[in-house]
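As you go down the protein sequences, you meet chains A and B in turn. Using our numbering, you'd call the opening residue of the first sequence number 1 and step up by one each time. Using our numbering, you'd call the opening residue of the second sequence number 1 and step up by one each time.
You may find that some hints are simply not true.
Said to hold, decoys possible - To be clear about the criterion: a stretch of chain B counts as covered by chain A if any three or more of its residues have a C-beta under 8 Å from a C-beta of chain A, and this derived list gives those stretches: (1) 37 to 48; (2) 103 to 111.
Claimed, not checked - Take a look, some chain B residues computed to stay more than 10 Å from chain A by CB distance: (3) Ala2; (4) Val4; (5) Pro8; (6) Glu11; (7) Glu14; (8) Val19; (9) Arg22; (10) Lys24; (11) Gly28; (12) Pro61; (13) Ala67; (14) Ser87.
Unchecked claim - Residues from chain A shown here face chain B by an in silico Cβ test under 7 Å; the list is partial: (15) Pro39; (16) Gly42; (17) Pro43; (18) Phe101; (19) Glu103.
Hints are computed from structural coordinates only; laboratory data are not their basis. For every residue, glycine included, the Cβ atom is placed at its ideal position computed from N, Cα and C.
In case you want the letters, here they are:
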Amino acid sequence: TQLLEQSPQFLSIQEGENLTVYCNSSSVFSSLQWYRQEPGEGPVLLVTVVTGGEVKKLKRLTFQFGDARKDSSLHITAAQPGDTGLYLCAGQETSGSRLTFGEGTQLTVNP
Amino acid sequence: DAGVIQSPRHEVTEMGQEVTLRCKPISGHNSLFWYRQTMMRGLELLIYFNNNVPIDDSGMPEDRFSAKMPNASFSTLKIQPSEPRDSAVYFCASSLAHGYSGNTIYFGEGSWLTVV
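The following block holds chain A by itself, in its conformation from the complex (with noise of 0.2 Å):
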């Protein structure tokens, strides 16, 4: 199985701010996939991401796949209280459809 790790797992910031969620790998995924989950509910996909170096814009999300395909972040711009939830990465294996997830990373936005 191919481990993907996020960073940070924890992050509180105040209404307004710029953020950046990581996610690394040390494999090469065919497809890279960010969700998002709010309490109570499942994931929900946010974006996929296929080709290598690919930048892709969801309003003042932006969310960029690595070169090597191995890596993606996701830049939040001037956050709101309602980006508040946990935000997983997912990335697709070469192989076929197993979708292995990060640990997610918990984004709380003040007011």
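We have chain A; now place chain B onto it with these hints.
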């Protein structure tokens, strides 16, 4: 459209009892996944099926765990006998394609299991 439907949402059971968790995937999806989430270990893949056939069950903890998918619209995850360390949130998820890079996996709301 109905998403992935799981039942029960919450279950509290005594150690040694059998637990059966149920899942109805999204209609038309041919891959189904069972995940377990705990604070200590995060989200772990237990088993996944493609076209009702188990493809990878290497994440199933031990023989006390078993999963079946008798048809395209139903799957069960059974724990017998249950132990306190099995307490976790169990998620079922489904997706449209197998082996397609970047396919979207849709999660249910989870079954919260507490074994006392």
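Going down the list of hints, with the structure as the test:
{"no.": "1", "hint": "37 to 48", "result": "holds (count 5)"}
{"no.": "2", "hint": "103 to 111", "result": "holds (count 8)"}
{"no.": "3", "hint": "Ala2", "result": "14 Å, holds"}
{"no.": "4", "hint": "Val4", "result": "8 Å, violated"}
{"no.": "5", "hint": "Pro8", "result": "14 Å, holds"}
{"no.": "6", "hint": "Glu11", "result": "15 Å, holds"}
{"no.": "7", "hint": "Glu14", "result": "24 Å, holds"}
{"no.": "8", "hint": "Val19", "result": "19 Å, holds"}
{"no.": "9", "hint": "Arg22", "result": "15 Å, holds"}
{"no.": "10", "hint": "Lys24", "result": "14 Å, holds"}
{"no.": "11", "hint": "Gly28", "result": "16 Å, holds"}
{"no.": "12", "hint": "Pro61", "result": "14 Å, holds"}
{"no.": "13", "hint": "Ala67", "result": "15 Å, holds"}
{"no.": "14", "hint": "Ser87", "result": "16 Å, holds"}
{"no.": "15", "hint": "Pro39", "result": "11 Å, violated"}
{"no.": "16", "hint": "Gly42", "result": "3 Å, holds"}
{"no.": "17", "hint": "Pro43", "result": "5 Å, holds"}
{"no.": "18", "hint": "Phe101", "result": "4 Å, holds"}
{"no.": "19", "hint": "Glu103", "result": "4 Å, holds"}
In summary, the numbered hints that this structure violates are 4 and 15.
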